[in-house]
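J.: Listed here are the chains, written in short residue letters.
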Amino acid sequence: MPVPCKRGCGNNAVLKRPKTGDAICKECFFWAFETEIHYTITKGKLFNKGDSVAVAASGGKDSTVLAHTLKTLNERYNYGLNLMLLSIDEGITGYRDDSLETVKQNRDDYEMPLKILSYKDLYGWTMDEIVAQIGRKNNCTFCGVFRRQALDRGAAMLNVKCIATGHNADDIAETVLMNVLRGDIARLKRCTAITTGSEGTIPRVKPLKYTYEKEIVMYAHYKKLVYFSTECVFAPNAYRGHARALLKDMEKIRPSCIMDIIYSGETMSIKEEVSLPTQRLCIRCNFVSSQEVCKACVLLEGLNKGLPKLGIGKSSKVKKLLDEYNTRQNNLETAVKDLEDCNITDKKTSKTCKNISNGFKQKECNATNCCTNKTERNVEKNNEKLQTVLDKYSLENNSQVKLDEEDSDDSEIKHQDEDDTCSSSCGRLGVGF
Amino acid sequence: MAETLTVEVMFGGGAELLFNKVKRKEIALPPLKTFLPDSQNQNWTLKELLIWLKDNLLVEREELFLKDDSVRPGILVLINEEDWELHGQLNYELKENDKIMFISTLHGG
Chain A
1 MPVPCKRGCG NNAVLKRPKT GDAICKECFF WAFETEIHYT ITKGKLFNKG DSVAVAASGG
61 KDSTVLAHTL KTLNERYNYG LNLMLLSIDE GITGYRDDSL ETVKQNRDDY EMPLKILSYK
121 DLYGWTMDEI VAQIGRKNNC TFCGVFRRQA LDRGAAMLNV KCIATGHNAD DIAETVLMNV
181 LRGDIARLKR CTAITTGSEG TIPRVKPLKY TYEKEIVMYA HYKKLVYFST ECVFAPNAYR
241 GHARALLKDM EKIRPSCIMD IIYSGETMSI KEEVSLPTQR LCIRCNFVSS QEVCKACVLL
301 EGLNKGLPKL GIGKSSKVKK LLDEYNTRQN NLETAVKDLE DCNITDKKTS KTCKNISNGF
361 KQKECNATNC CTNKTERNVE KNNEKLQTVL DKYSLENNSQ VKLDEEDSDD SEIKHQDEDD
421 TCSSSCGRLG VGF
Chain B
1 MAETLTVEVM FGGGAELLFN KVKRKEIALP PLKTFLPDSQ NQNWTLKELL IWLKDNLLVE
61 REELFLKDDS VRPGILVLIN EEDWELHGQL NYELKENDKI MFISTLHGG
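Note that the protein sequences, when read in sequence, are chains A and B.
Those letters in the first sequence? Residues 1 to 433, per full-length UniProt numbering, in order.
Those letters in the second sequence? Residues 1 to 109, per full-length UniProt numbering, in order.
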């Protein structure tokens, strides 16, 4: 039985709007959807005429709809914005490589220039390599911290006035809920802000702040927008996942709860003494940081020194870990001298072996099994000695470095910024930017 | 011999990953009483369709698609391109050649 559009246009409704409960037709839905975002942009004074704006684009539904809508509104209302797409390639095979193809499609469809920055270029590590090093626990911390900074760097390169991200109403409500559940009052205070960023940083704006996820998906569907929809291949953020499930269950009973939670977050008055640490510049990379050395630099140092635990958990732990590392490093230098002769033997053998196997004598060599066995024996011997030294100085092989169980997701989350957590399943916010 | 009911099911927004990456499939439903002898309904509704999908097409992580006797909150259902919330949701009675689409919203960007 067809339901007529609530707006009285004479068409049949296709959608029940979660925000209002109104049954509405396709054309009226497009109009309402776009106009509400226009209202959010103008009321929040998100842009100034002539601004260059980077749309943080992941290829997912939110950023695809954001890019499409901003282009539409820019033309319709003559914002005079110079829009461009900014993507971060975390280096996650089977996930980001595919989604970047979608972003390239967006670039062509919306005729916007696209800038892609990779973790590999910026930090020397891909997420695949980081996960190989640290395991699947805590990897969202690396990804989130690096992405936040990568976006800043990209925006600086593009010389834009601000970065528009695809955070939608469901995301914001989820974050309010999570900050309440964690007792993270400082973040609760600012997580509903439509514009974030302090002095010296490029502001982030959220034009989709009041737009329901359901409507974003329906809009993309009816407009036939192409977006990428695969979950991140790495571990999801369990805590955020529960907050999300709770929110979705409540939305089913009372769809307005999403707007109501955002409203609660916005109007809650927080005691004056609760404030975020003051911002300063990282002494290493010169990017904005709340500490002397920013989180990205600490995490990176940990990776490069084979101490991936560094930077996960409380910042007070960092110094202790580094001191321990330096002591070991000094001890190791002495130990390395002891090992030198052994290493030389090994190198020589390998070289000979390689020569033989690459040359014509390979067959002969295989027949006698000379080189493989010899090399293995030597390496084994070498490893034994190495292991003894490592044990002596209580060092771990990189491959054996594991994160302590005590550093659970919860303790780590406390130190993450609201934007840090990965996207939807994977935490919902980050990858979707 | 009662006739079968033909409908088309479609999966998008990541929901297809739970259905062996099938995005669109025409299915022939047997008479309801053959499939579910205990059903209180006379005709196929979305409620029974979900059970049929679970038994026949859903290949992995059932909990990402279903919750209790409905779809997991966050999965949108379109009946002939229209929001199922306008059409009685689970109580919607299937008609020949209906197109039922399931779109997941539960994924990263």
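Treat the hints with care, as some may be off.
As the list claims (entries may be wrong) - Keeping only pairs whose Cα atoms sit at most 27 Å apart, straight-line, the calculated BS3-like set for lysine-lysine is:
| # | chain 1 | residue 1 | chain 2 | residue 2 |
| --- | --- | --- | --- | --- |
| 1 | A | K189 | A | K26 |
| 2 | B | K33 | A | K223 |
| 3 | A | K137 | A | K45 |
| 4 | A | K224 | B | K99 |
| 5 | B | K33 | A | K248 |
| 6 | A | K104 | B | K47 |
| 7 | B | K25 | A | K224 |
| 8 | A | K16 | B | K33 |
| 9 | B | K33 | A | K252 |
| 10 | B | K23 | A | K248 |
| 11 | A | K189 | A | K71 |
| 12 | A | K224 | B | K21 |
| 13 | A | K224 | A | K71 |
Simulated from the structure, these hints should not be mistaken for lab results.
J.: Each hint should be assessed against the structure and marked as holding or not.
T.: Structure-based check of each hint:
no.	hint	result
1	A:K189 to A:K26	violated (37 Å)
2	B:K33 to A:K223	violated (40 Å)
3	A:K137 to A:K45	violated (40 Å)
4	A:K224 to B:K99	holds (17 Å)
5	B:K33 to A:K248	violated (34 Å)
6	A:K104 to B:K47	violated (40 Å)
7	B:K25 to A:K224	holds (19 Å)
8	A:K16 to B:K33	violated (33 Å)
9	B:K33 to A:K252	violated (31 Å)
10	B:K23 to A:K248	holds (24 Å)
11	A:K189 to A:K71	violated (31 Å)
12	A:K224 to B:K21	holds (19 Å)
13	A:K224 to A:K71	holds (16 Å)
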